[in-house]
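> Here is what each chain is made of, one letter per residue.
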Amino acid sequence: MPGDAGMGDMADLNERALAKYRNDFLREVEERVDEGHWVKMCMQCGVCAGSCPFGPHWEHSPPKIFLMIRAGKREAVLTSDSMWMCTSCYNCVVRCPRKLPITTIMHGLATYAQRLGLAPKVQPTRDFSIIFWENFTRTGRANEMRLMLRLWFKEGFAAGVKKALSMRDLGLAMLRTKRMSPLEILGGHGVKDVKGFQAMIRKAKEIEDRRRGLSG
Amino acid sequence: MTPSVATSQTILVVGGGISGMTAALEAAECGKQVVLVEKSATLGGRTATLYRYFPKLCHPTCGLEINLRRIKASRNIRVMTLAEVTKIAGSRGGYTVTLKIAPRYVNANCTACGACAEAVSAEIPNPWDYGLGRMKAAYLPHTMAYPQRYVIDPAIVGTAEGEKAKAACRYGAIDLGMREETLELEAGAIVWATGWKPYDAAKIQPYGYGRFPNVITSVEFERLADPHGPTGGKLLRPSDGKEAKNVAFVQCAGSRDENHLRHCSRICCMASLKQTQYVREAFAEDARSTVYYIDIRAIDRFEDFYAKVRKDATVTFVKSKVARIAEDAATRDPILHGVDTEGYRRYANRHDLVVLAIGMEPSVKAADIPADVVADSSGFIDAGAESAVFGAGCATNALDVNRAVQSATAATLRAIQVVNRAARAEA
Amino acid sequence: MADTKIAAYICRGCGLGERLSTGQLAKIAEKEGKAAIVREHDFLCSEAGVQLIRDDIEKQGATHVAIAACSRRAKTEAFHFPTVAVSRANLREGVIWCQPDTDAAREATQEMADDYVRMACDELKRMKVPAGNPDAARLRRLLVVGGGVSGMTAALEASKAGYAVTIVEKSGALGGWAAKLWKRTPAHEPFREPADTGVAALVAAVEADPNITVRLASVIARTSGAPGRFSVDIAAESGATATEAFGAIVQATGFTPYDAAKLPELGFGRSPNVVDQAGLEALARAAAAKGGPIRRPSDGGEVKTVVFVQCAGQRDDSGRHLPYCSGHCCATSIKQAMYFKDANPAVDTVVLYTDLRVPGNGEDFYRSGQSKGVVFSKGQVSAVEPSGDACTVRFRDLILDEDTAIENADLVVLATGQVPNAGVDIDQVPQDEPGQWRPDSRSVLNLAYRQGKDLPLLRHGFSDSHFICFPYETRRTGIYTAGPVRRPMDIAQAVEDATGAALKAIQAIENAAAGRAAHPRSGDLSFPIVRLEGCTQCKRCTVECPFGAIDEDEKRYPVFNESRCRRCGTCMGACPVRVIAFENYSVDTVGAQLKAVEIPDEFAEKPRILVLACENDAYPALDMAGMQRRVYSAFVRVIPVRCLGSVNTIWISDALNRGYDGVMLMGCKHGDDYQCHFVKGSELANYRMSKIDDTLKQMALETERVASYEVAITDIERLPRLIDEYAAKIGEIGLSPLKGFG
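Protein chains in written order, with this note's numbering: chain V, 1 to 216; chain D, 1 to 427; chain A, 1 to 742.
Honestly, the hints are just simulated from the structure, not real lab data.
The structure displayed is predicted, hence computed values, not measured ones.
It cannot be assumed that every hint is accurate.
To give a feel for the contact side, a few chain D residues facing chain A, derived at Cβ under 10 angstroms [claimed, not checked]:
hint, residue
1, L57
2, R69
3, A115
4, A168
5, G172
6, R256
7, H263
8, A298
9, I299
10, R301
11, T412
Capping the alpha-carbon separation at 30 angstroms, the derived lysine-lysine pairs in DSSO-like fashion look like this [claimed, not checked]:
hint, chain 1, residue 1, chain 2, residue 2
12, D, K164, D, K234
13, V, K73, A, K304
14, D, K72, A, K669
15, A, K669, D, K234
16, D, K308, A, K262
17, A, K606, A, K539
18, A, K372, V, K20
19, V, K73, A, K372
20, A, K128, A, K539
21, D, K203, V, K99
22, A, K595, A, K128
23, A, K31, A, K5
24, D, K100, D, K56
25, D, K245, A, K539
26, A, K125, D, K311
27, A, K5, D, K72
28, A, K539, A, K669
29, A, K125, D, K72
30, A, K372, A, K290
31, A, K5, A, K180
We put the CB at the ideal spot given by N, CA and C, even for glycine.
Next comes chain V alone, as it looks inside the complex (with noise of 0.2 angstroms):
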């Protein structure tokens, strides 16, 4: 999971992974990304990737990576962005003419490159996405606030109260209706047994690690 292992343990994994699969990569995607054994079903008719209403931000659609995968392109497929623009809307999902869960397969991909190493530094919902595992697993709560305001501060002062200033009339809003609360700030609230949280997030980390063969 994001921000959890070091840069070394990252390289590391992904050589052995290069060792283990060699040249196979469908067949590392199969037993280590979730859903990763549909891969081999796509038949290529192109329906998913007309369907995602982001499509034309994808670089490699779903079919291609599915064919990339088959043939081998690992590195491309994992250092790729594409996965990350999965918005889990699942029009491919429900019009998939072989069924494949192509929004889970996105994930895993993104998941995985994120594990090895190999995602794309710059890529939002890859900030979006350890910004919010951070903040979560901190407390055990999901903390708005801090959220925003790490989100909008990210890429610097100016350019975090500019984001705040546009965003003010729904921020105001959420204040309103009680969807959000200022004095979340502070720390806010978390999960009464936090350390027992953490640990079982760790424990869930390293079943799932070995069920995946990425353990030691």
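With chain V fixed as given, assemble chains D and A onto it according to the hints.
Below, chains D and A alone, put in the same frame as chain V:
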């Protein structure tokens, strides 16, 4: 066609389309007694509604004429229209079949003079045109209809219109008191040839069929091209009657899709290739056809036809399952959205008309046949049951005409084997 | 014709009584038509009307019946009187429905009707009820040539229907190509796994069937005769020849895989690791026999990567290889890839295709292949380069739009096509002269037929069969092809095809026994009768018969084989001395009709145009034009003909000599996409008519006076237009100068 007493040596053929007619004729011309039952008011089936056949671009009615002539000449075939099988009892070699016969309100006196239709002014949607056109409520289904006998639509029975039709007939052919009848007959073997129906295009929601008037199905396009269809053979689009010169053909509309039909319907690629030539026939070099496809399945000798169409400069191929169809509100032009997977190029293409190459599903799902048959996962009849109910034609698989006829001929022999065995046992 | 008694019936129903003077028609039938009985009736097709006719036949001894009512296509069952000759004057669709109901039109309409009554009566005088074929024979034994799946299926299915069968198989064993397979593609749910070929069970069933005789290592040395009475010499490899008699023949001689040696660019012949699909089956069988995986042929090494190249030497537009698709190969490659995947999922299998063609439930098999990890890439293979024990497969990836390659392929499987075993091409190999006939070792059937030793071939060398509506109709009655010799196909389709072919063979036997014609004139009992004393041995009939029904004896006289004949009348049309006739259709029956028409003199300003219309398409189209009340010129007189091929040019010269102003010939489309139900009839007619100009010049007539049209049954709107345009043209060039001389 002659009345015959059905016995255990009779072969019952269910369905009067190309497969059923073939089965009935092949059996009759081997000297067997046949009862041919058809649900609608005429023989001919779906092929009678097609303008041309691939790959020769010849006319289905040409073969229909020969088959009807053979039926008229045969003393061994009894044709029953408006008849449905409701029950099959018994077993191989000895079936008792229950038929439900809907009233035609016209008896054998009818000379097909057409006076009733002239007298009536009420109109109904023409089912042989998929409702694209309308016809009189006293009608001959089409010019090749057999029996050549008018039908009074139940909608005008009991109305003044019905009485007008009756009054116009000078031959006592109209009997508005006809009732639905049930009858039983014996048969040694049954050939089940109830054919196919187009998949419900409205279920493919992103294509807008039913919402956008200029999105139609391939079977409807056949009616537009047919000189006896609702537009007199002119390719005019439904929204505004404008000539449809730029036509999109969308393959796998329902087929090869686990959300719809899991099988490949086999004929749709060829049907679209054929239909590109209708556009060409109508508009020559001004024609523009675009075929959106996953794989072009121009199998075996049909490859020649594909090769010919590929050389036609008015036809373009895009390897893509169309994602969705939008409509330009002002012009009602359909706009196709998707990605050409050869190079992953995104497109938003405007056309005059979209023809969905609609998939085939069995008219009667095998599970709904009141007999011991084995169904495959698409509802077609799979061989293998112990019964003497033999599937033929598109009731068994998605088939083109040639293969349907082959299948019907094979089914006929299987039926003959049963009745011949019965005959030998009795001898 | 001493006992000819004509009865004529004039119907007054459907408006005929209002639109026409039926009394005048009755008078014409009596006076000119010499009808002994003439009756008018208000509703002739009613039970009472039909009974009236029946009574006249049974009690009054009517032998010839003229029915002046609706078209012959209407009320056919009601007016069915098989014991007498029947002629139908088409007054409804052909007169009142295609003429305007106006005072101005009344006279011309009546004249049309008058003429059709005259024509019906005069036709009758030349007609006889067919007596049936004196040579009818009924041998209830079928010959099946070829002992593969198609042949064995045909034999077993025919046997189950109670017919005896002899299978002649060239090789030393039954089984054919299917016996060389390890597994077959599935034909039943769930369409996921390769299935047992079933060949062993088929062979066992054939061997156990007392109705089936198998002759292995044997070929056909000679086939003569006709349905119901084929005589076949079966030559064994041992040299012994037996002559046996059969009622009908199924030719199931299968295919040969396309010669992969013609594909060196795909590596075949350059490395043992490049095989065709048949080669892979052999490897799979060998491996299964040893109980191990398929090994690399070159060194017995482990197979880690297999590449399947689809359409190898198929769908080729260069003219060097097969232009067609063999249909089964995509599924076969999926099946073969499964051989590897099922044994060891770690083996890489890649199928390179341009269009993956797995119709119907084949889609499930494709899905199954994918789920087993077979990789499918849309790619055009440019080269297979063997190097040591590995091959590099170079291809254009059509999806990623780039040139790429698979290196280190241990095995490359080329999906080559099916080449039919259809014997000799009779258009290329002429038949031996009578008396010098010798068998040809390349031939399958060694027919002693005048037109050649095998069935005619279609494009790409497959045996003849009708392509769409009537797949079993060959141009050699009683001989039916089944399986890949007819069309590329897989096992499942071959089984259906063979079953259908067996039915047709059985039907041919039953038809021959009853002397009945086969499709499309099913049930017709007439057959060509030749007056040999007038024959000039010109051979046109024997050459032109579309069905090869006519042989020649040693003096070059035609020998008709009735049960091979389809009754199209092409021979009759071809005969320059007019010695060929059917009892119910002849030069005389048509000649009498066209002569019966009253030709108004040149001052009447009423042209007469003779229309000879094919009864299969043009005539129904005219009928339907009438049904739709489409109006056309009242100057035409239409005579239906069995096929334009049956049109004898004497009819045209007779018509013109009698003062007709024009002749329109309406037949079906000819050429590659012909629509003629007798295959060559319309083409032959077209050829004959191309020479009619000379005749017209000799008669000092304009060439426009004879016009040929290709007509389809759907030309309901076009035909009236054509007729009116032609009538207008006749108006322009003026009336025939020959009026009054005929």
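> It remains to establish, for every hint, whether it holds in the given structure.
Okay, the hints, checked on the actual structure:
1. L57: holds, 7 angstroms
2. R69: It holds, given that the least Cβ distance between D:R69 and chain A is near 8 angstroms, below 10 angstroms.
3. A115: Constraint on D:A115 satisfied, holds at 9 angstroms.
4. A168: At 12 angstroms from the nearest chain A Cβ, D:A168 fails the 10 angstroms test, so the hint is violated.
5. G172: Given a least distance of 9 angstroms, the restraint on D:G172 holds.
6. R256: Holds. Min distance 5 angstroms.
7. H263: Hint holds; D:H263 Cβ to chain A Cβ min 5 angstroms, cut 10 angstroms.
8. A298: holds, 7 angstroms
9. I299: Because about 5 angstroms separates D:I299 from the closest Cβ in chain A, which is inside the 10 angstroms limit, the hint holds.
10. R301: holds, 5 angstroms
11. T412: holds, 5 angstroms
12. D:K164 - D:K234: violated, 34 angstroms
13. V:K73 - A:K304: Roughly 20 angstroms separates the two Cα atoms, so the pair holds.
14. D:K72 - A:K669: Roughly 25 angstroms between the alpha carbons, so the hint for D:K72 and A:K669 holds.
15. A:K669 - D:K234: holds, 23 angstroms
16. D:K308 - A:K262: holds, 25 angstroms
17. A:K606 - A:K539: This hinted pair is violated, its Cα atoms lying about 41 angstroms apart.
18. A:K372 - V:K20: Holds. A:K372 to V:K20 sits at ~21 angstroms (cutoff 30 angstroms).
19. V:K73 - A:K372: Between V:K73 and A:K372 the Cα gap is close to 21 angstroms, so the pair holds against 30 angstroms.
20. A:K128 - A:K539: Holds, at about 27 angstroms.
21. D:K203 - V:K99: holds, 16 angstroms
22. A:K595 - A:K128: It holds: about 19 angstroms lies between the C-alpha atoms, which stays within 30 angstroms.
23. A:K31 - A:K5: holds, 14 angstroms
24. D:K100 - D:K56: violated, 39 angstroms
25. D:K245 - A:K539: Violated, at roughly 52 angstroms.
26. A:K125 - D:K311: With Cα atoms ~56 angstroms apart, A:K125 and D:K311 exceed 30 angstroms; violated.
27. A:K5 - D:K72: Roughly 26 angstroms separates the two Cα atoms, so the pair holds.
28. A:K539 - A:K669: Answer holds: A:K539 to A:K669 is near 26 angstroms, not above 30 angstroms.
29. A:K125 - D:K72: holds, 25 angstroms
30. A:K372 - A:K290: holds, 24 angstroms
31. A:K5 - A:K180: violated, 68 angstroms
Of the numbered hints listed earlier, those contradicted by the structure are 4, 12, 17, 24, 25, 26 and 31.
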